Amino acid sequence: MRDKFGPHWYRKPNCETQVSQNEPRNPFVHVSQLGLRDLYKWVSQFIFWFFCPKRIHERKKESAEKYMLVPGGCFCYNNESSNSQYSRKTDKEALLKLKSGFLHGRHFLSSWTGDDCCEWKGISCNKLNGRVTKLDLRFSNLTPVIGPQDLDDLPLPGRMMFTGDPAIVALGGKIDSSICELKHLTFLYLSFHYLKGEIPKCIGSLGQLIELKLAENELVGFVPNTFANLSNLQNLDLRNNYLVANDLEWLSHLSNLRYLALSYTNLSRVVEWPSSISKIPYLVELELYACGLPQVNVKSISHMNSSTALQILHLFENELNSSILSWVVNVSKVLRFLDLRENSLQSVPDGFANMISLQYLDLSGNELDGSIIKSFHTLCQLKMLDLSFNKLSDQPSDYLQKLCSAHDLEYLRLDHNTFISGPLPDVSRFSSLKMLNLGSANIIGPLSFVHLQYLKYLDLSQNGLNGSLPLLEVSKLASLE
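Position one of the sequence shown corresponds to residue 4 (this note's numbering), numbered consecutively onward.
Careful: at least some of the hints might be erroneous.
What the hints assert, rightly or not - DEER-style ranges, computed between Cβ atoms:
#, residue 1, residue 2, range
1, Lys-124, Ser-434, 46 to 52 Å
2, Gln-404, Glu-252, 29 to 35 Å
3, His-256, Tyr-460, 20 to 26 Å
4, Lys-100, Asn-132, 19 to 25 Å
To be clear, the hints were calculated from the coordinates, so they are not data collected in a lab. Keep in mind it's a predicted model, so treat the numbers as computed, not measured. Glycine included, every Cβ here is placed at the ideal spot set by N, Cα and C.
Turn these sequences into a full structure, and let the hints guide you.
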């Protein structure tokens, strides 16, 4: 029988084309009408239509190879195991290409050998399909193997401080585009490695990314607009590079973003940056310091959606004027941390008093005058207040009397202002104070003792104080360092 039927006996049927157009699709025909060859075809068709699951007929042609017709039934086999091995091999090859792009990959990625890349340091894989899901190349995950002969080859950037092993340095080099072949990547950490070159645009194709951290490198060029495709992204850290962005509209597509750090990215052309930020509904922390941000258009603020999630905001060193505060007081009602130091603020709007959730406020290094004093009587949760290096007038005691956070305040700086001459203010009601700086505050008169149990740092320098404190009194400051 094998000779008679020849190779047809071993042929794998195609589940979509098993029945030709010239043959009847109904397998239920009269047996007496069939010869031996036709009988075999009839039986094969009957078995195929009766035993194979319905989903076989709906499979694409490339999936049909998973099913084999044998005498006596439809035997279905799955080649997912072979696909998994192939995919893992692809991930391994991508990682090795990435390693070759690093200037010092051979030192710090010495564990990247062996067949199973999931066993390499800094690599995590999905336990079900074996695909690489996490690439974490922070220092704790690097294993340098370096001899004295290699030290001359290592990058020793001047801005990096060494307190231990000199072998703990950066990878250097560039980010090879092979990283985009890791299609299942959810976590990518390549910060603090002084990587050069541009960010590969294809990173925007890694749609499963949740965290992307490329901070503290020497990356150049534009922030890829392809990041708009990273809809699952929650943390994006690109700070401290040499990047440029002409718009931030792509941020509106990142609805799951919680943390965004673009500090030292040139955003001087992004006029509508407040609008773009306001479109991120769940953003909790934002870092945009030293970005050259354009001034806020106050008229456009009323048309913006307010975020209810933003709690931490860093905008220092941007030369922003007081119009930024009109946006700040509207962008979030739960803001806890606000850093606007080293800008050009001259006044504070009335709405600032509504920011009752503020705990940390830094307005140092601006041009604020005495009008700010009326805005602090409702900020009763403040733990840190820094108004140093401004143009505050009146006397320090006038500001202290307005503060309602007497029991919570831990850090207070009023130094280097243009206060009217006056005596050392009474700060005894600030029982939790740990740091107090009233230097260069035009304080005159006798030096009186400051009774603060938890005080660790006290600066009264460059004032007109006279007299002395007995050592016995100073010794009562048990926490003073």
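Verification of the hints:
Under the hint 46 to 52 Å, the C-beta atoms of Lys-124 and Ser-434, about 49 Å apart, fit the expected range. Checked against the hint of 29 to 35 Å, the C-beta distance between Gln-404 and Glu-252 comes to roughly 47 Å, which is inconsistent with it. The supplied range of 20 to 26 Å is broken by His-256 and Tyr-460, whose beta-carbon atoms lie about 46 Å from each other. Our hint of 19 to 25 Å for Lys-100 and Asn-132 holds, since their Cβ atoms are close to 21 Å apart.
The structure is inconsistent with the numbered hints 2, 3, although it conforms to all the rest.
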